[in-house]
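> Under our numbering, the residues of the sequence shown are numbered 1 to 76, in order.
These are computed hints drawn from the structure, not numbers from a lab. Each hint should be verified, as a subset may be incorrect.
What the hints assert, rightly or not - Pairwise CB distance ranges (calculated):
| id | residue 1 | residue 2 | range |
| --- | --- | --- | --- |
| 1 | Gly29 | Lys50 | 38 to 46 Å |
| 2 | Lys58 | Tyr38 | 26 to 34 Å |
| 3 | Thr54 | Leu34 | 28 to 36 Å |
| 4 | Lys59 | Leu37 | 28 to 36 Å |
| 5 | Ser63 | Gly29 | 44 to 52 Å |
| 6 | Lys61 | Ile41 | 45 to 53 Å |
| 7 | Lys58 | Lys35 | 28 to 36 Å |
Beta carbons: idealized from backbone N, C-alpha and C, even for Gly.
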Amino acid sequence: MYWLSLSWPWEKMRSNALFRSNNFLCQNGEILYLKSLYSLIYHLYMLSRKNAITHITKKLKESSKGEEKNKTEKKE
Numbered sequence: 001m002y003w004l005s006l007s008w009p010w011e012k013m014r015s016n017a018l019f020r021s022n023n024f025l026c027q028n029g030e031i032l033y034l035k036s037l038y039s040l041i042y043h044l045y046m047l048s049r050k051n052a053i054t055h056i057t058k059k060l061k062e063s064s065k066g067e068e069k070n071k072t073e074k075k076e
């Protein structure tokens, strides 16, 4: 009787169209492909964001050094 209670929901899930479509995606490796594509896009975005932030901070440091030189030249 216990196995009957476990097998009935399983059969119900197998007949559901959403679960069948998910199995189709798993069989063709589409989910793995989509995850790897998402991961690639995410990492490229974060890499470009990191480079942009370091580029901006370098520009700010360079501009602050230039301002310090201008201040010392004006004092003299």
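> Next step is simple, just say for each hint if it's right about the structure.
Evaluated hints:
1. Gly29 - Lys50: 38 to 46 Å: Distance hint for Gly29, Lys50 is violated at roughly 31 Å.
2. Lys58 - Tyr38: 26 to 34 Å: Roughly 31 Å apart at Cβ, these two residues keep to the hinted range, so it holds.
3. Thr54 - Leu34: 28 to 36 Å: Holds, since Thr54 and Leu34 (Cβ atoms, about 31 Å apart) stay within the stated range.
4. Lys59 - Leu37: 28 to 36 Å: holds, 33 Å
5. Ser63 - Gly29: 44 to 52 Å: holds, 50 Å
6. Lys61 - Ile41: 45 to 53 Å: violated, 31 Å
7. Lys58 - Lys35: 28 to 36 Å: holds, 35 Å
Checked against the numbered hints above, the structure violates hints 1 and 6; every other hint is satisfied.
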